[in-house]
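For the protein sequence lines, the chains are A and B, in the order given. The first sequence begins at 23 in my numbering and counts up one residue at a time. The second sequence begins at 55 in my numbering and counts up one residue at a time.
Don't read these hints as lab results, they were simulated from the structure. Built from N, CA and C at the ideal position, the CB exists for glycine as well. All clues given are correct.
Short, incomplete list of chain A residues facing chain B, as computed with Cβ under 8 Å: (1) I62; (2) N63; (3) M65; (4) C67; (5) G68; (6) L69; (7) L71; (8) P72; (9) G89; (10) L93; (11) T105; (12) G107; (13) F108.
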Amino acid sequence: MHTESPSHSLDLVDQARRRASDPLPSAFQGVDIPRHGDIINCMHCGLCLPHCPTYTLTGEEKHSPRGRIRLIKTIAEGGLEITPGFVESMHFCLLCRACETACPAGVKYGELAEAARAQIEISGVLRSRKRSILRALLLRGLLTRPRLLRVVARLLWINQWTFQALARRTGLMRLMPRRLRELDALAPRIPGRFTRAMVPETVRPEGKPRCRVGLLQGCLADVVYPELNHDAMQVLRHHGCEVVMPRGQTCCGSLLGHNGELEAARRQARRLIEVFERAEVDWLVITTAGCGSFIREYGHLLSGDPDWAERARALAQRVRDISEILVELGPRVPTVPIHRRLTYHEACHLRHGQGIAEPPRQLLALIPGLEIVELPESSWCCGSAGIYNITNTDDAEQLLERKMKNIVSTGADLIATGNPGCMGQIQHGCRSRGLALDVVHPITLLRESYGLPGPPSGLLGRPRRPLFAQGHGGLGAT
Amino acid sequence: MPVTDAVKSELRRIVSDRGFRDEPEDLITHAYDGTPLLEHRPEAIVIPQSTEQVAAIVRLANDADFKIVPRGAGSGLSGGSVPVDNSVVVLLSPRREILEIDEANLTALVEPGVVTGTLADAVAARDLFYPPDPGSISICTLGGNVAEDSGGLRGLKYGVTHNYVMGLEVVTPTGEVLTTGGKAFKNVAGYRLHDVLVGSEGTLGIFTKILLRLLPRPQASQGVVAHFACLEEAATAVAGIIAAKITPAMMEFLDQTTIRCVEDFAKIGLPRDIGALLLMESDGHPAVVAEEAAQMEAICRRAGALHVAQAADPAEGERMKTARRSAFAALARLKPTTILEDATVPRSALPEMVARVEEVARRHGILLGTFGHAGDGNLHPTLCTDERDHEEIHRVETAFAEIFDIAIELGGTITGEHGVGLSKKPFLEKLVGPPGIRMMQDLKQVMDPRAVLNPGKIIEPRPRREGRLPNTQAEAEAMARSMMERP
Ligand SMILES: Cc1cc2nc3c(=O)[nH]c(=O)nc-3n(C[C@H](O)[C@H](O)[C@H](O)COP(=O)(O)OP(=O)(O)OC[C@H]3O[C@@H](n4cnc5c(N)ncnc54)[C@H](O)[C@@H]3O)c2cc1C
Ligand code: SF4
Ligand code: SF4
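All chains, full assembly: derive it from the sequences and hints.
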């Protein structure tokens with residue numbers, strides 16, 4: 023034997039085995055610990071790598087799903103602390119879950135990453151006064167209080183119509199700090215009316231009632247795209263559903279959950295479960311993919327809570343995306359033509375989070391006049407990713423650039439997508455590039471093509487005229 | 055000698071700060087490849103930007119006495135790019151430029167980090183064809199393919215990577231730059247050095263440029279699927295196809311366990327209750343393709359297939375292939391640790407091999423999924439286990455040792471395409487015998503006297519350690535001169 027023998031294979035195997043079976047004390051603590059069974063389910067084959075947007079941006083293994091899972095594993099087995107480098111890697115992740123769609127082994131990356139982010143919060147490595155105050159105010163404060171959120175949104179609306187309009191027109195905006203200008207560009211335009219001023223709590227179906235569906239009001243979606251709720255209600259009742267949008271709904275907790283606030287997310291979940299249990303609905307229909315994907319995982323979120331686990335699972339099983347339920351019900355044939363060239367962007371939380379690819383395409387294909395062009399890389403994240411475009415603006419911009427190039431390559435003048443976050447991001451992409459493209463939720467196109475009345479608008483609250491459809495429907499009135 | 059701070063700053067000087075990593079998060083994420091159970095952190099990772107930088111790093115390793123582990127995408131399945139003690143990873147995946155596609159000579163010159171699928175797509179866009187297509191085609195690098203002499207689904211008809219390597223630019227283990235082969239289609243000048251280098255698993259040189267042979271793209275292709283009640287019937291069909299003098303572009307088989315896992319992932323409508331699945335493809339001239347596809351269909355029917363169909367269009371054929379490529383990872387749905395091997399036998403022995411592998415798994419009470427390249431006798435018996443269960447892992451190891459013995463007994467080999475690396479090193483001697491091992495050790499010693507390149511992979515090296523060794527030809531000559539001058 024020579025002195026310098028490199029590690030023999032069997033030594034390496036032994037080392038790895040020892041680590042797996044007698045892990046050192048881990049830096050993970052509390053209830054939201056990434057599950058070891060899920061961690062070792064990753065067989066590090068690497069097949070997910072080319073599907074990961076952040077790995078594609080930097081080419082660094084630590085920015086890939088396989089690398090992130092290995093970091094989580096190493097911490098779980100006591101081989102690493104929760105380091106700033108780990109935090110950087112996890113916060114750079116979009117939680118788009120493209121890796122889950124790609125993974126043949128069925129690794130639940132989303133759950134691992136959420137737990138890891140919760141651990142980062144628990145560890146306090148990021149704790150600073152400013153960050154704590156911001157998080158308390160925005161995440162825990164605002165999102166969990168729908169009434170307050172609407173007040174703030176109303177203030178933003180007033181601001182957008184007065185000061186900002188003035189500032190933008192007079193060029194005053196250019197004098198603002200860069201970060202503020204960026205955020206202003208990202209900020210969605212707030213409409214004059216929110217959901218509650220548009221739709222009643224319950225609407226009766228057209229014709230014989232087939233089922234009773236509950237509609238998720240949404241929190242941010244409610245103040246930015248309230249017409250989605252109106253449109254969904256119209257189309258659902260057109261399909262024989264009694265639709266109820268129970269009062270007292272709060273944020274579903276998804277933004278909290280994605281950002282490491284799992285305890286706060288659980289509080290939201292319990293409230294939402296109660297609200298919909300009381301409403302006695304057959305289905306819980308959702309127009310915002312991000313919420314749908316999170317509520318589907320309530321069972322996992324509340325699995326450690328014996329009083330709630332079963333109720334959470336029960337609600338999760340009733341969740342249907344709006345496109346999904348329409349396809350299940352058998353969609354009626356829309357007749358009012360829409361003569362536009364359309365392309366469809368797949369929201370991550372629809373495609374990867376909920377595995378829904380075909381239903382929205384099937385519905386859009388029903389609309390007469392619509393020319394549909396398949397979007398290259400349609401399921402590549404647009405960079406919206408919850409609040410990612412606010413926390414990681416530069417990275418999000420690079421993803422948006424890729425998305426916009428693909429969109430432009432289709433020659434489409436209309437983009438449909440099933441998630442408000444993506445709608446906002448792509449609208450921002452169009453605005454900042456001076457592109458005159460419309461961004462719309464499929465449900466709005468369907469509502470118009472069915473000739474159903476638009477949401478109330480203007481001071482008098484008259485139904486908005488169709489934006490895309492040619493003729494006037496007037497088939498069904500509310 | 056450990057990689058000291060002085061060595062690190064020298065490495066930084068060579069590759070610049072941009073190309074140097076030694077944060078724990080980087081070390082941890084370069085400690086593994088696709089092989090189960092292997093993990094070892096390197097001391098640093100360097101990303102060279104040129105061949106000269108690679109050579110400088112290797113010379114430094116010889117001088118400062120550290121080890122080098124070349125790494126592509128880290129998808130290897132024998133531990134080839136898993137770091138050894140006191141090693142620096144030289145990462146080649148960022149060197150991903152296709153330098154030239156020569157349509158007159160049908161060659162492609164690439165950097166080693168080009169992903170195999172990227173090259174395949176780029177040449178397909180010009181109606182050319184790069185056939186080797188490992189299951190990892192969407193991630194693995196051509197450098198890794200050459201180092202492992204990787205095979206793929208098309209092996210039977212088109213051969214494997216070494217059939218396509220025409221030339222290499224290599225940094226030798228002593229830090230010189232060597233070019234072998236070239237565009238000339240015929241070339242018998244001296245030993246075919248690149249034939250020694252292909253499949254050397256990063257132990258004899260670092261490839262910095264690769265010249266590959268291309269083919270004209272087949273005009274047409276047609277996929278055929280056949281469902282069987284049991285593996286024996288599928289084997290009869292395979293034998294029938296070979297006997298009919300058909301050489302399909304692909305002939306893959308999957309057993310029931312694998313079919314179920316693949317279906318759970320890919321959802322392409324495979325029945326869960328069938329015993330075996332054959333995925334076949336014929337390619338070439340449209341008339342020949344149509345005839346071959348019809349013949350394969352008929353042979354499968356005669357062998358008792360429950361269902362046979364031709365793919366409706368190339369897209370459907372492609373979906374089938376993608377599903378097949380997921381087989382290995384999809385088996386991890388059953389249990390967390392999947393250990394896959396690639397024992398290969400002469401193809402006439404395949405049915406016996408399959409049966410005996412099943413018997414071994416049953417006897418040791420281990421969950422087995424088998425799939426593989428039926429056409430070329432390359433089997434992928436995959437044992438599904440749990441790395442936390444010591445006792446079962448021990449049984450798995452015993453089972454694999456038996457499986458390798460059977461493969462050798464049937465005139466086959468312990469690895470058909472994944473390489474020896476670390477994981478099959480203990481079994482190599484059984485196959486090649488002590489003289490084989492000694493010759494490999496001698497070769498390694500001649501080419502890599504200080505054992506700096508990926509030592510401990512394939513074989514245990516025997517570094518030469520009397521006196522100081524020259525790094526370059528010039529130095530060697532100078533040393534020789536001074537020895538002559540000495541009284
Ligand atoms: C899901 C899956 C399916 C697979 N299917 C197949 C298959 O069908 N057929 C098959 O043959 N293999 C298959 N493999 C194994 C693996 O993908 C191949 O061995 C591949 O060639 C490795 O390429 P890589 O870039 O990942 O190399 P790595 O794993 O990074 O390295 C492999 C070896 O090559 C050396 N190396 C890498 N680059 C260079 C270079 N530039 N110069 C010198 N040495 C270098 C490394 O030191 C190491 O020894 C599969 C793997 C996976 C995970
Ligand atoms: S997450 Fe899945 S696809 Fe990615 S490396 Fe792990 S097992 Fe492979
Ligand atoms: S969730 Fe998206 S960004 Fe995060 S690791 Fe998976 S693919 Fe990459």
